[in-house]
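K.L.:
Chains A and B, in that order, are what the protein sequence lines are.
Using numbering that gives the first Met the number 0, the letters of the first sequence map in sequence onto residues 0 to 258.
Using numbering that gives the first Met the number 0, the letters of the second sequence map in sequence onto residues 0 to 149.
Watch out, some of these pointers could steer you wrong.
Unchecked claim - Straight-line alpha carbon distances no greater than 27 angstroms define the calculated DSS-like cross-link-like pairs of lysine-lysine that follow:
#1 Lys143/B / Lys43/A
#2 Lys96/A / Lys139/B
#3 Lys166/A / Lys23/B
#4 Lys166/A / Lys115/A
#5 Lys26/A / Lys102/B
#6 Lys72/B / Lys115/A
Unchecked claim - Among chain A residues calculated to face chain B with C-beta under 10 angstroms, some are:
#7 Ser62
#8 Pro66
#9 Asn67
#10 Gly68
#11 Glu88
#12 Ile251
To be verified - Over the 10 angstroms line for every Cβ pair with chain B, so calculated as not near, a few chain A residues:
#13 Glu39
#14 Lys43
#15 Ala44
#16 Phe53
#17 Leu58
#18 Gln73
#19 Lys96
#20 Ile124
#21 Val130
#22 Pro165
#23 Ile176
#24 Leu179
#25 Asp198
These are computed hints drawn from the structure, not numbers from a lab.
Computed from a predicted structure; not experimentally measured.
We treat Cβ as the ideally placed atom computed from N, Cα and C, and that holds for glycine.
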Amino acid sequence: MAEEKLVAPSADVIVCSALDVGEHILKNGGEIHRVEDTIERICKAFGAEHVEVFTITSLIVASVRMPNGVYSQQMRRIYRVSNNLYMVEAMNGISRKLCSGELPISNLRAAIVEAKKKKPYHTAIIYLGAVFAAGGFAAFFGGTIFDALCAAAIGVFITFLDRHTPKYINRMIITVISSLLAGLLGILLSKIGVGTYADKIMIGTIMLLIPGLSFGNSIRDMLGGDIISGALRLIESLLLALMIAFGFALAILITGGAA
Amino acid sequence: MSDIVVFIAGIVGTIGFSVLFGVKPRHLVFAVIGGAIACGLYLLTDQLGAFVSSTIAAFIVTLYSELIARVRKAPTVTFLTPSLIPLVPGGALYYTVSNILSKDYDAAQTYGLTTLDTCLGIAAGILVASLFVSLFLNIKKAIKNKKSAA
C-alpha cells in the first residue's frame, strides 16, 4: 500500500478522471447527488484531503486539495443529456473498482470506452422498443389496434430522427419538428383510414417525446437538496412539454382539425 | 375486459420504454414489473381523481424501485424511470392543446388542470416515498453505529 501511495497520480489526473466518470453519469441520465457522490469518493480514494463538487445539469465543477498542499480545479460542460441507464450502472461499477484499487487510474479511459461499446441492445431491438412504446401507449390511452400500429410506425420514425439528428442542433427545435411531423403523420394516417382516432395515435407518439426522465429526476434532485439543478431540469422538461404541445398544435392547425 | 387490454397495453409500452432507456436485459423484468404496478394502481384508483391516483401509484412505485435497486445492486433510476412512464399525462396534455385549438376553453381548462394535478401527484408520491426511504436508512445507520459502539 505504501508503494502505491508513492506513485500516486497527480491532483490534476485525479480530478480529471473523477470528472470523466461523473460526466458520463450525468450525461446518461443519473441523478445529481450520484454524480457528486461518485466524484468525491474517487478523489478521496486517491488520497485527496479536501474535495468540493458542484453540479448542475449542464456543468460539473470540482476542486481538490491534496495533503501536500497541491490544488487542482477543473470543470466540465455537459451539452446533451440522454437516457442510457446501462451507462449509469456501468459507471457506478467503474467507480467502485477505481476506489477499491481494482482498476488502475491509467486504465480508466479504456474502461470507459469499453463500457460505451457494450450497448445492451442491438439497433433493431431499439426500434422494436419504439414500436412497443408508442403502440402500447396508444392502446393504453384508449386507441384501437390499428391506432397502435400507426403510432408504432410513427414511433419508429421519431426514434430514427432522434438517433440521426446532429448533436449541435438545438433540442427544443428537434422536439418541435418531431412533434410536428408526428402530428402530421398521425392525422394523415387516420384521414386515409388506416387508423381510427387521430388523437390516440398522437398521444402514443407524444409519450415518446415527453421528457419523463428529466421530470422524475428533477423532483428527486430537489429533494436531495440540489434545488438549483432540480429547478433547471424541471424548467427544461416543462419547456420541452410546451414545445411538444406547440408542434402538435401546428400539425392540427395545418391540417384543419384532428377529427 | 377492456381494463385488462389497457393493462397489457401499458405493460407492452413499459417494455418498449425500458429498451429505449437502455435498461440492461437482466434488469428488464424488474423494471417492467414496476411499470405493471404503476399501470395496475392507475387503473384501480382512477375514480379517486388524477392527483390522488398518481400520488398513490408514484409512492408505491418509488418504494418498489428503491427496494429492488438494493436487491439487484443497480442505480434506482434504472427501475424508477420506466416504472413512472405509465403515469405520465400524455393524453391530458394532448387534449389540453387540442381543446385550446378548437376554442373549447372549459374542456381545455379541465384537461390542463388534470395534467397539472398528475404532475404534482407524481412529484408528491416520489417525495413522500423518498422521505420514507431516507428516514429508514438513517435509522438503520443509527442502529448499526450503536451496535458497533457497544
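K.L.:
Taking C-beta pairs only, is Phe53/A more than 10 angstroms away from all of chain B?
P.N.:
Nearest chain B Cβ is 21 angstroms from Phe53/A, so the label holds.
K.L.:
With d taken as the least Cβ-Cβ distance between Lys96/A and chain B, does d exceed 10 angstroms?
P.N.:
14 angstroms, holds
K.L.:
Taking C-beta pairs only, is Val130/A more than 10 angstroms away from all of chain B?
P.N.:
7 angstroms, violated
K.L.:
Identify whether the interface hint at Glu88/A stands, where standing means a beta carbon of chain B within less than 10 angstroms of its own.
P.N.:
Where the cut-off is 10 angstroms and the nearest Cβ of chain B is about 5 angstroms from Glu88/A, the hint holds.
K.L.:
Does the alpha-carbon distance linking Lys96/A and Lys139/B stay inside the 27 angstroms limit?
P.N.:
26 angstroms, holds
K.L.:
Determine whether the non-interface label on Lys43/A survives the test: each CB of chain B must be over 10 angstroms from its CB.
P.N.:
19 angstroms, holds
K.L.:
Beyond 10 angstroms from every chain B Cβ: check whether that's true for Asp198/A.
P.N.:
At roughly 6 angstroms from the nearest Cβ of chain B, Asp198/A sits no farther out than 10 angstroms, so the non-interface label is violated.
K.L.:
Let's test the interface hint: is any C-beta of chain B closer than 10 angstroms to that of Asn67/A?
P.N.:
With a closest approach of 33 angstroms, the Asn67/A hint is violated.
K.L.:
Was the hint right that Gly68/A lines chain B, CB cutoff 10 angstroms?
P.N.:
Because about 33 angstroms separates Gly68/A from the closest Cβ in chain B, which is outside the 10 angstroms limit, the hint is violated.
K.L.:
With a cut-off of 10 angstroms on the beta carbons, see whether Pro66/A makes it to chain B.
P.N.:
This hint is violated: Pro66/A lies away from chain B, its Cβ roughly 27 angstroms from the closest one there, beyond 10 angstroms.
K.L.:
Taking 10 angstroms as the cut and beta carbons as the points, is Gln73/A off the interface with chain B?
P.N.:
The assertion about Gln73/A holds, with a minimum of 25 angstroms to chain B.
K.L.:
Does the claim that Pro165/A lies off the interface hold, with its Cβ farther than 10 angstroms from every Cβ of chain B?
P.N.:
At about 20 angstroms from chain B, Pro165/A clears the 10 angstroms cut-off, so the statement holds.
The structure does not agree with the numbered hints 5, 7, 8, 9, 10, 20, 21, 25 stated previously, though it agrees with the rest.
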